[in-house]
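Spelled out, the chains give:
Number of protein chains: 2
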Amino acid sequence: MADKPPRGLADVVAASTALSDIDGTAGRLFYRGYDIHDIAGRISFEECVHLLQRGSLPTQAQLDSLVEELAEHRELGPTAEALLSYVAGSGTPMEALRTLVSASSVDDPDAGESGTAANQRKATRLVAQMPVLVARYHAERSGTTVPELDPSLGIAANFLLQVTGSRPDPRTAELFDECLVLHADHTMNASTFAARVIAATLSDMHSAATGAMGALRGPLHGGANEAVMQTLQSIDGGPEAVEPYVRQALEDKQKIMGFGHRVYKTEDPRATHLRAMSAELADLTGERRFYEMSRRMEQVVLDVKGLYPNVDFFAASVYHALGIPTDLFTPVFAVSRMSGWTAHVLEQYADNRLIRPDSEYLGERDQKWVPIEDR
Amino acid sequence: MADKPPRGLADVVAASTALSDIDGTAGRLFYRGYDIHDIAGRISFEECVHLLQRGSLPTQAQLDSLVEELAEHRELGPTAEALLSYVAGSGTPMEALRTLVSASSVDDPDAGESGTAANQRKATRLVAQMPVLVARYHAERSGTTVPELDPSLGIAANFLLQVTGSRPDPRTAELFDECLVLHADHTMNASTFAARVIAATLSDMHSAATGAMGALRGPLHGGANEAVMQTLQSIDGGPEAVEPYVRQALEDKQKIMGFGHRVYKTEDPRATHLRAMSAELADLTGERRFYEMSRRMEQVVLDVKGLYPNVDFFAASVYHALGIPTDLFTPVFAVSRMSGWTAHVLEQYADNRLIRPDSEYLGERDQKWVPIEDR
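One line per chain: the protein sequences are X and S, in this order.
Going by our numbering, the residue at position 255 of the first sequence is 255; the numbering climbs one at a time, nothing skipped.
Going by our numbering, the residue at position 235 of the second sequence is 235; the numbering climbs one at a time, nothing skipped.
All the pointers check out, no bait thrown in.
Note that the list lumps identical chains together, so a pair holds whenever it fits in one copy or between two copies.
Calculated pairs, SDA-like style, for lysine to any residue (alpha carbon to alpha carbon, straight line, at most 25 Å):
#1 K265 - V304
#2 K305 - D351
#3 K255 - E113
#4 K255 - R353
To be clear, the hints were calculated from the coordinates, so they are not data collected in a lab.
So here's chain X without its partners, still in its complex pose:
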């Protein structure tokens, strides 16, 4: 048995990837060699999907082709359609969506196929369907119907149209598009790693995506953005009340959600963009409360704990300003991250080895069976 590495595999290299890279000390994130600061706000989510899944920023012809493929496959298949009303009736959105992603495997036109081209198509279809699954789920539980998808709009604007019921103004749609780009990939985060562990058994793309959905919902991962919003909403009194709340919470050894990251030792570069977006949306909407509270909170947490906000922190006030219900924040994360998960699964399949680590045994030894009547 090898030496025991740090708990939680911190700093242990689990896989090679050409998809994303993090310089945690400098606070930099790259998608296929492009600095996130260079592309955020400049490329659409669709271009980002092309970059991750197909290896390059698309030409206009490549983008047109991808957009057509996404549009063709975004409606739900018969099994997911049939299950929608049953799963929308109870539980949390991420539970329902985990079940729907799993169920949709049999609806895929390439179901049962495991060749490279089939997996590429499955990856694109999962990205196409995820926003529609979230919007349809939300409509179903709300007893409403979703507006028709507008073929002139991209994934981001169509999602806001279907979830909020009204067509977003162009700048709002651009800001949400940038959110989707910012959340698309992030090296071996827990949900991506879960997807790769599952795919490495040569199980199917939907099994990997379903496992990733399960991991993302955890409060130590994607679930944190909802927790941030709940914290902001639970503080009575606005920005002035933030400092005493945070100091008391930290004194009581409570964790303040949305701060710190295993990999970044400085500010998460995604937080830089999301902070600016939160500020811009405060100006656009005139609703400054949660932005101001967030600004105050990050200052206090940095002062007291030396922790920087992570991607989840300003995502909360941004999504709230966009009119997205709090319990859909983690599903929105999944809408974006599905692009990274599926790209990682394609990469895993392309050069696969079963991911099967060792463990350290710390239990009883030399136990001897005795008949039940003598125990």
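Got chain X sorted already, so can you dock chain S onto it with the hints?
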């Protein structure tokens, strides 16, 4: 970044556990310190569930209490019940069962609860429901109904009753019970590791179990037992035809399923028991073909490749002799392994740290965004 470990995290310690231990060189497997050779055939699957989930071989009173709890919770909840007919209509059993395990989270009486006692109850219920889910799924797709569960029988005998439609003789039930014990846990196998990665985000027990279902179906993991049976059935001519088939397949660089294991350098101790069971069932049923073929195959593969049979190899002829349809072999593995998965999730929750490894970046660097019209 740390040194790059072997691919697939081979020999890298990913977690500590008190559940099971393997001595790969000596070919030994222990559940909580009990050698598998000491307990296989001596303890029931229910006793094994108690050992794994609750830490000890039960006294009679503890066993009675667990059996009562298992019996109380084995019927499906309303959501899983409602979905059954939709998911049984298409796809593979493991896809349908992955969806049903996911869907059943909302049916759990402790849904939304994450305390230790609630998680312990969820773990027990998942073990109780898994065999019934498989049997009900099989009946649904076959257009039949399952016989009533017999309260005087254990999990193993009730499962055979429901899947085959007839009450197994006591020795047959004992043999299948031993199969369930042999498959219950196996350190950081890929599905268990996937479950722990998911649970380590503090996501729920059903998310972890659903991810594990997805990993188990892969042909490099639980899916191998079905592949073994398909291979045996594809060889025309019985035992005499095995040697030329295997030699040709190996010459053609085809993988022979059911051989070799990352951890064992000698015979998998579970294979020792399954070989004996396969022999006994050949005697009991008078149907010796697949047992004899398996014996011949293991000799040829050992001669030519130096590989030993793993747990999946003799499980194939055993399950076939028990009357289990080939495409339910991996689900049967899940019926047993659910006990290990859930015990590992409980262990992960009890001393949690996010499992978030590093990656090695091997892609492009220093890419610069250019407008789409200039690409």
